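Q: So the chains spell out like this:
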Amino acid sequence: MRILITGGGEVASHIAKRLIREGNEIVIVERDPDRCSQLEEALDAKIVQGSAASVKTLQRAGIRDAEMLIAVTSVDEVNILTCLVAQAESNITVKVARVRTHEVEHWRRVCKQTGLDIDLIIHPESLAVDRILPVLRIPGVSDIIEFADGQVKLFGMNIEPDNWVVGKTLIELAKAGAPKNSLVAMIFRGAEVIIPDGRERILAGDHVYVVTRREEFDQMLEFVGLRQQESLDRVFVLGGKQIGIQIAEELERQGVSVKLFERDLERCQKIAEILDSTIVVNGDGTDAATLLEENIKGVNAYLALTQDDEDNLIAAILARRLEAKKVVALINRLNYLPMAQRLGINTSISPRLATVDRILQFVRKGQVVSVTSFRDEEAEAIEMVAAPESRYVGKKLKDIKLPQGAIVGAVARPDGEVIVPRGHSSIHAGDRVIFFALERVVPELESAFLAEKRSGLW
Amino acid sequence: MVIRVGAVLHITGAFLLVLGGTMLFPLLYSALHEGDNPWPILFAVLVTAGAGAVMFKALPRPTSELSIREGVFLVCVIWACVCLFGGLPFFFSPYFTSLTDSVFEAASGFTTTGATILQDVEVLPDGLQLWRCFTHWLGGMGIVLLGVAILPLLGAGGMHMYRAEFSGARSEKLKPRITETAISLWSIYAMLTAAEFLLLWMAGMNKFEAICHAFSTLGTGGFSSRTASVAGFESPLIEWIIIVFMILAGVNFTLHYRLWRERQARRFFGDVEVRAYLGVIAAATAVICVTLVFQTGYDWSRALRAAAFQVASITTTTGFVTADYEQWVPLAQLLLLILMFVGGCTGSTAGGMKVSRFLLLRQVVRRQFRRIVEPRGVFAIRLGGDVVPEATVRVLLNLLYLAFVVLATATLILAATGVDVLTSIAAVTASTFNIGPGLGAVGPMDNYAHFNPLVKWVLAFCMVCGRLEFFTALVIFMPSFWRK
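As given, the protein sequences belong to chains E and U, one line each in that order. Residue numbers for the first sequence follow this note's numbering, beginning at 1 and rising by one. Residue numbers for the second sequence follow this note's numbering, beginning at 459 and rising by one.
The shape of chain E in the complex, shown without the other chains:
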């Protein structure tokens, strides 16, 4: 498929890299010549230097022959304009645009009313908020991801040195009474990603992902020594940008008392007008004295959500030291993500990674239900529907030759049964299968799973 991407930022280059590996032709339009040559070095794609708002540039980039447009420049207006040009000038069938304004809902409506047919409008801030909210109540959990309409849950946790699971192999854990339908799906250890088998030992400092059935979720949390906070009383939010405001609004709605720190006085006033019960503090939320004054000790969660990755990291570490029960840091640069976990930050949220996931999931749609990347895209969770003609259907798991570095995490049957499969379980047509895989084997896995059974001699 020929795909045109406008804007050559980090999201664009990540999506492009993945789509190229999956066999698509990519053209990227980017304004900055230096960035263009960078992209040219890194990607097997055609790079066109110019503005995505220019019809001529878009024509030069071959908008006529493209089948899909992904508009991810840093400017909302340009993204929408590009979609407009695509609608008028070409046969592009699928249009995706990133819009960062908080008025995104209005834009969705306006586009629909004017007949501008944008198939997916992505709002990264909302995606980030959606990822933050579920984990606030469980301090030790880094993220919770749902599959198969919530029937399957995956959660990540840092293994503290005093956790009783340290030093145990996965088989030992199963014998110690782990819920039957659960599985340690991925272990991030230092720079390494492990898709473990039963002999793998859990070590202190590991970042572990566990997949489980919804019904056994609480039991599993308890098993690995995680406790839910009964209620959220107090939450600190650092940074009064859109995402901070959005999350404060949501927490207000749940009756949580929120304190929002913002350095800019004018901005504070504006936020105070938008938010209702939240206390807007005009001060430096990365300053220990200020935080102590505002009584940070024992706060249920501290969310560092400024625009500055470094500020967020430092602030989150500080808050952890000042005994916030849970710290969350917003991190834009993907290559910082592996570090955050090791610095003791419970949850790191990347709107960019969320955007990449959302777009990839959309591009691959069909049999692929969802895609979630972990850390710096080193591993992926993929939910796919088993088509009747898939090569995996009707076979026992132990007879399926999965690529090295991939496992089946869970299977959700159409009748509502959910299993975390063992070697003798088999996959039926219509099952939703959740795979965990190293990023580099994903194309192989997908093509094997989605491919039709070979007939005849083969």
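Calculated from the structure, these hints are not laboratory results. It is possible that some hints are incorrect.
[Unchecked claim] Ranges between beta-carbon positions, derived for each pair:
(1) E:I194 x U:S938: 32 to 38 Å
(2) U:R519 x E:S277: 32 to 38 Å
(3) E:K396 x U:A511: 34 to 40 Å
In this text the structure is predicted, and so the values were computed from the model without any measurement. Cβ coordinates follow ideal geometry from the N, Cα and C atoms, glycine included.
Take the given structure of chain E and dock chain U to it, following the hints.
A: Leaving out everything else, chain U in the frame of chain E:
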């Protein structure tokens, strides 16, 4: 960032398998023709493919994509291996006496130089003749580009390699994917070759010689199946056909591709480089034609044909010969020597410094003049309406310096071994810019057999150096290239 030599050799192994595959073509031809001796080629295929298979199997496949450095190194290794293994059919035959000669002939073939060490070409069996010309054809568009088109193991690394091998800063990517770009270029190349083959055949050449000359022309090589080169056919029609195709081969192939797909002659002839290139050929032809008529005593039609042929042959760095231009007046000879430096267009199979570089250089000098007049002025450098980035200008100046250093060093080495001044200069220039025949003892009626082995190795290195446009071939000698 350390270079993974194992990974590089693994991919080189794959390329050697491809090279062994290309040898099947002359092998097949040789085996099907009675009286021909296919054994040298068969041995060469076995050794090449065997070595390739061992390297490919024994060494681990790279787990991640190649870095730029590794890509550059890989291109160098591939070219070295191709010259070495590509010379094996010659080495195993009785007509070549040493490894030096075989490698020289193969290097001359793959770099499309066309300099030969053979006194008499016609004694070679058809199979080897075909392989000589086929090396031109493979090397012309680029053996690496061929690999990129058919080997799926390179990914974005393929782009670095394409840049390292494909000539010129101005060649843009035809298709988003490097593999498809390579396939497009190779197919338009093959189509032009087929067209020339048919025309030559219809003009009276036999099929075998037609295919040999088509390969040589499109690759802008210069090997001929006759010792007397194209002059041996004594056919004006054949000469004119070859003139046209030499000129076509010297044009940017992306323009050929565009012309083929979009059928807009205006864009083709509107290209600044093509205009300048055709202008240079026309002007030089006119001048030489006049000198031939009035000073050498040719009649008009012969003068025009001879002048056009030699100018096209030298400008496009092909190196076919229809006349002993050393008998021409000094002005004509010197003009040809200068044309050796100019070369064809970027993105063509021709060698030389390339026309667009001279156009760009003219703009740089012009800007310098304007700066002297208007010290505070800011001037952009344009080439055919497009603004040229400063980085390109810097690269150009570096390239000029490198070309000078290579030419000067090699010429000095030749002179040190006792070669006369004119021959030293002409042989080094004709090798570095991939032309073939030069002046003096390497003139149109001579060959390179008389040089001593050291000189042959130096010239072979010059050929590869010039073919890869200096940077790629020389950067691996930088100590910092090998540091972490």
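Q: All hints, please: hold or fail.
A: Structure-based check of each hint:
| no. | hint | in the structure |
| --- | --- | --- |
| 1 | E:I194 x U:S938: 32 to 38 Å | holds, 37 Å |
| 2 | U:R519 x E:S277: 32 to 38 Å | violated, 60 Å |
| 3 | E:K396 x U:A511: 34 to 40 Å | holds, 37 Å |
The structure shown violates just one earlier hint, number 2.
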